[in-house]
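**Q** Sequence:
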Amino acid sequence: MTFPSHSTPVLRAQPHHKEIPIMPFTVTDVPDLPARFTDTFTSHTVRTSELNLHAVVGGDGPPMLLLPAWPQFWYQWRLVMPALAEHFTVVAADVRGTGASDKPATGYDGATVADDMAALMTSLGHDRFVVAGYDYGLLVGHALAAKHRDRVTRLAVGEAIVPGFSPSPPLLSDPATNEIVWHFAFNRLAAVNDRMVAGREEIYFGHQFASKAARPDSIPQSAVDVYVDALRDPAARHASFEIYRHIEETAEQFQRWRQEGPLAIPVLAIGGEHGLGTAPAEDMRKVASDVTGLVISGGGHFLAEEVPHELTKALLEFMH
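Position one of the sequence shown corresponds to residue 1080 (our numbering), numbered consecutively onward.
By construction, these hints were calculated from the structure, which means they are not laboratory data. Careful, some of the hints might be misleading.
[Stated by the list, open to error] Label pairs and their calculated CB-CB ranges: (1) D1139 to P1254: 44 to 50 angstroms; (2) E1281 to S1128: 33 to 39 angstroms; (3) R1279 to D1253: 39 to 45 angstroms; (4) P1249 to H1388: 36 to 42 angstroms.
[What the hints assert, rightly or not] Straight-line distance between alpha carbons at most 16 angstroms, and here's what the computed EDC-like set of lysine to aspartate or glutamate pairs gives: (5) K1392 to E1165; (6) K1226 to E1328; (7) K1182 to E1129; (8) K1226 to E1331; (9) K1365 to E1339; (10) K1226 to D1194; (11) K1226 to E1339.
Bear in mind that the values here come from a model prediction, so they are computed numbers and not experimental data. C-beta: ideal position from N, C-alpha, C; glycine also.
Model the full assembly from the supplied sequences, consistent with the hints where possible.
**A** Written out as structure tokens, the structure reads:
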């Protein structure tokens, strides 16, 4: 089912703050898309047994599922989607809690979100498919490939740790490391983090983009504003923290899946030169047997927006 060409903003109240319009963030609701983007791509929603899931779909060829990073949604892929759509049927998904998908209070462990994505692809008519995702998309992509091994044929991931296998930095890290990883502990707090960020989304989430990109201005302010506006929704903000609150559960799932044997499909593990570098490949080799590592020159953490041409080239070369 496609969304209408325009949706009315929903007003949701935040404690002690004025009501803020929460846009649905479908393909017709976001700014600054590439030229003629909506000639190729449309928003779709499917109903699984538990929730409504949204994806932006377009192109021609074998199916490719794109998974979002934290704290983003399908919009992060906008710069690479047109070129990919010349070769693939692109499905840029909003996982639960993000974008225009439902935002339940629970269900943010890796296995549950992987099942969501498997159900999404089934509903769209795709039995077997390739997957690409970085940051949170690495976690979901790995979970999907590990739990649904008969469905994912190739996996490209990057710029994230592998829960249960990546080494955990000490609480008192050196200042440079602390600037990169401090949000892990903050996001896993039970409730005070949500209260502290409510009404100050541009400070907290805006800092993530400024500090983790290769340059503070690598991500256009207009794009940062889209992501921040999406996180003004209390349900979306809660979901963004729930991902981290379930890391231990997800790590246990990863360990169980590894006991079934490493992933046998080809895996491309990407790091940014100014991001995690070779670490994604080193970590993915602990859970997969056929891993190709790549470090993209000039890239920071947000690969699809900082180095879209280089990422597109890498995906096309690997996925064919």
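**Q** Are the hints correct? Go through all of them and say.
**A** Going down the list of hints, with the structure as the test:
no. : hint                               : verdict
1   : D1139 to P1254: 44 to 50 angstroms : holds, 49 angstroms
2   : E1281 to S1128: 33 to 39 angstroms : holds, 36 angstroms
3   : R1279 to D1253: 39 to 45 angstroms : violated, 27 angstroms
4   : P1249 to H1388: 36 to 42 angstroms : holds, 37 angstroms
5   : K1392 to E1165                     : holds, 13 angstroms
6   : K1226 to E1328                     : holds, 15 angstroms
7   : K1182 to E1129                     : holds, 11 angstroms
8   : K1226 to E1331                     : holds, 13 angstroms
9   : K1365 to E1339                     : holds, 13 angstroms
10  : K1226 to D1194                     : holds, 8 angstroms
11  : K1226 to E1339                     : holds, 10 angstroms
Hint violations for this structure: number 3 only, all remaining hints satisfied.
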